[in-house]
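**Q** What follows is each chain in one-letter form.
There are 2 protein chains.
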Amino acid sequence: MNSLAKKDMIIIDGLELCNWDRNLLLELHKGEVTCIHACVGLWENARETLGKIGRWYRFFEENADLIIPVRTGEDILKAKAEGKVGVVLGTQNASPIDDDIALIEVFNNLGLKIMQLTYNNQNLIGSSCYEKTDTGLSRFGKNVVAEMNRVGMLIDLSHCGDQTTLDAIEASRRPVSITHANPDWIYPSRRNKSREVLHALKDNRGMLGLCVYPFLINGAATTMTEFCELVARSVDFMGVEQVALGTDLTLNLDDEFLKWMRMGRWTFEMDYGAGSKDNPSWPAWPAWFQGPADFPNIADGLLAHGFSKQDVYAVMGGNWLNFFTESFKSEKELKVCV
Amino acid sequence: MNSLAKKDMIIIDGLELCNWDRNLLLELHKGEVTCIHACVGLWENARETLGKIGRWYRFFEENADLIIPVRTGEDILKAKAEGKVGVVLGTQNASPIDDDIALIEVFNNLGLKIMQLTYNNQNLIGSSCYEKTDTGLSRFGKNVVAEMNRVGMLIDLSHCGDQTTLDAIEASRRPVSITHANPDWIYPSRRNKSREVLHALKDNRGMLGLCVYPFLINGAATTMTEFCELVARSVDFMGVEQVALGTDLTLNLDDEFLKWMRMGRWTFEMDYGAGSKDNPSWPAWPAWFQGPADFPNIADGLLAHGFSKQDVYAVMGGNWLNFFTESFKSEKELKVCV
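Residue numbers (the working numbering), protein chains in the order written: chain A, 3 to 340; chain B, 3 to 340.
Some hints could be false.
Note that identical chains are pooled: a pair holds if it fits in a single copy or bridges any two copies.
What the hints assert, rightly or not - EDC-like, lysine to aspartate or glutamate: derived pairs with alpha carbons at most 16 Å apart:
id, residue 1, residue 2
1, Lys-54, Asp-102
2, Lys-8, Asp-313
3, Lys-334, Glu-64
4, Lys-134, Glu-34
5, Lys-144, Glu-328
6, Lys-311, Glu-335
7, Lys-331, Asp-10
8, Lys-144, Asp-205
9, Lys-134, Glu-258
10, Lys-54, Asp-101
11, Lys-144, Asp-257
Calculated directly from the structure, the hints in this document are not laboratory data.
Fair warning: this is a prediction, and the values are worked out from it, not measured in the lab.
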């Protein structure tokens with residue numbers, strides 16, 4: 003009687019980093035996922051990102067019966083209506099723009115609608131949560147924030163250091179996102195976020211995507227109840243309209259990619275990122291979330307935990323839908339709407 | 003009584019290669035030009051072209067009162083209605099796609115709607131009119147033609163060698179263009195086109211943009227009457243629906259750029275292209291066409307020469323309008339229209 007109407011539920015994942023193939027797309031369909039933010043790049047420069055986007059276009063063509071590209075909120079609704087999965091392209095680094103402010107509009111026009119300001123290292127724009135000192139947003143970084151605001155490319159701060167995050171929130175004329183991280187007072191990790199940062203995000207009307215990446219929770223041992231408790235406490239802090247999911251799902255990836263993810267071209271030495279020497283490989287995921295087909299488990303879990311149906315819909319995707327719809331508009335389009 | 007209704011005339015230039023600034027845009031307005039194909043690159047690779055397109059986006063922003071970007075026929079009509087100049091971005095080389103077939107859709111999505119298969123040298127795709135031997139379209143070249151057909155990026159063959167041109171016309175499922183060249187039996191030049199090539203273009207329903215570039219006519223001494231005679235004889239050969247203008251206007255460019263245009267990075271020795279040792283610098287233009295403000299001179303000249311008003315409208319821009327409108331559609335869009 004109190005069950006979720008899955009046909010009406012919109013499920014949106016704020017970040018997935020997978021080696022996509024048709025089988026994985028079918029898993030998304032099993033999970034009745036409406037839309038994902040797919041990570042296109044980590045360390046890739048402008049030219050490399052261009053090639054990756056080209057391959058994505060081809061992938062869209064070859065799997066047009068299963069997925070559609072998403073550049074607007076309407077595209078997400080279209081995906082839902084057609085029973086397809088919408089895919090928002092984004093990168094976890096500002097490396098695609100090299101040192102050229104003009105490339106933000108260029109990549110935005112190619113459908114790259116989300117860009118994280120830094121990945122795990124200091125870059126031209128700011129600093130990461132793993133650097134010893136975070137000097138905050140650079141001069142170029144301030145221009146990047148303003149230009150992303152202008153064209154409607156969503157700012158993602160998930161891997162940024164605290165000062166860079168606070169500076170970016172202050173500089174941004176528009177709401178920003180932390181697409182995949184958790185409150186660090188619930189799960190301590192350099193990658194998770196402090197009260198100060200999340201308070202600033204809340205005031206900015208920004209969105210927090212809660213993360214299932216095992217290193218950012220309690221590993222594979224994390225129970226569904228514990229995850230629901232994470233959601234509940236985050237909602238208490240942020241408000242139910244500003245909490246969503248960003249699983250950081252990593253599937254179909256080998257150790258070679260793990261090295262690329264962690265070491266890029268910046269070191270010859272092993273760097274473990276959110277992992278550790280004792281836990282050097284890809285992490286095992288909780289039993290209740292082994293892949294995209296398991297999204298309904300989370301929805302059912304939240305309902306069983308006591309969330310209202312309305313709040314479950316909001317956290318599972320309704321919030322991202324509203325947030326993406328606004329965030330992907332250029333400032334010119336926003337003005338026309340007013 | 004037989005004067006042209008300039009308010010109703012659409013003027014479209016099939017190629018201009020200028021160092022654009024606001025003054026030049028005002029000259030286009032003086033000439034009541036509706037749309038130009040602006041050359042974005044000659045030798046630039048993918049990364050360099052990306053940067054150039056980024057700068058063009060900024061130029062569009064900064065001069066939004068004078069110009070708008072054109073990706074469709076509707077955009078051209080919008081430019082006319084708003085009293086602005088529409089700008090189609092294109093390149094005179096396939097260098098933007100490097101060796102990657104997927105970059106055609108990428109650059110098409112960025113608004114690069116016209117691409118010449120080769121500039122003055124042999125490349126991965128085919129050969130130029132200046133090479134000793136033209137081996138025709140390469141294996142990659144055939145794929146490039148098919149992919150340009152698919153996405154709706156117009157194939158330009160102006161600088162290609164005869165065999166490459168004939169091969170491309172045969173391979174193409176859609177009409178192609180020679181945006182800026184003249185019949186070589188009227189003005190002999192390696193850059194101008196033979197009867198065989200233009201006959202193939204005619205059969206392909208392709209478009210020929212007649213060129214005012216002094217080295218491709220009789221220099222600055224060419225009279226308006228002679229140019230009108232060129233138009234008349236070309237129309238006799240091609241039919242009035244397949245002849246238009248592609249002035250190849252080169253303004254505001256210095257000797258440094260001339261060296262880049264002719265020598266790129268492929269030689270240390272001077273290469274004169276369509277020029278010669280005796281005439282090594284930028285050519286002087288005929289008195290009746292010193293710049294974009296002089297387009298009405300050509301229209302008036304054609305009318306005085308005996309062309310009907312309808313045919314003047316066709317050659318001045320009506321033909322490009324129809325041709326661009328169809329050519330810029332993807333094959334998917336064409337099918338929807340049928």
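**Q** With reference to the structure, classify each hint as holding or not holding.
**A** Now for the hints, and whether the structure bears them out:
1. Only between protomers do Lys-54 and Asp-102 lie at most 16 Å apart by alpha-carbon distance; the minimum there is 11 Å, versus 19 Å within a single protomer.
2. With identical chains, the CA atoms of Lys-8 and Asp-313 are at most 16 Å apart within one copy only, with a shortest distance of 14 Å there and 62 Å across copies.
3. Taking the shortest alpha-carbon separations for Lys-334 and Glu-64, only the inter-copy value of 14 Å comes in at or below 16 Å, while the best intra-copy value is 34 Å.
4. In the homo-oligomer, the alpha carbons of Lys-134 and Glu-34 never lie at most 16 Å apart, since the shortest distance is 42 Å inside one protomer and 60 Å across protomers.
5. Within a single copy, Lys-144 and Glu-328 get their C-alpha atoms no closer than 21 Å, and across copies no closer than 42 Å, so neither meets the 16 Å cut-off.
6. In this assembly of identical chains, the alpha carbons of Lys-311 and Glu-335 never lie at most 16 Å apart, being 32 Å within a copy and 41 Å across copies at closest.
7. Proximity of Lys-331 and Asp-10 under a CA criterion of 16 Å is satisfied in neither setting, with 25 Å inside one chain copy and 35 Å between copies.
8. When the C-alpha separation of Lys-144 and Asp-205 is checked against a cutoff of 16 Å, the pair qualifies neither within a copy, at 19 Å, nor between copies, at 55 Å.
9. For the homomeric pair Lys-134 and Glu-258, neither the shortest alpha-carbon distance inside one copy (27 Å) nor that between copies (47 Å) is at most 16 Å.
10. Within a single copy, Lys-54 and Asp-101 get their C-alpha atoms only as close as 19 Å, which misses the 16 Å cut-off; across copies the closest is 14 Å, which meets it.
11. When the C-alpha separation of Lys-144 and Asp-257 is checked against a cutoff of 16 Å, the pair qualifies neither within a copy, at 36 Å, nor between copies, at 38 Å.
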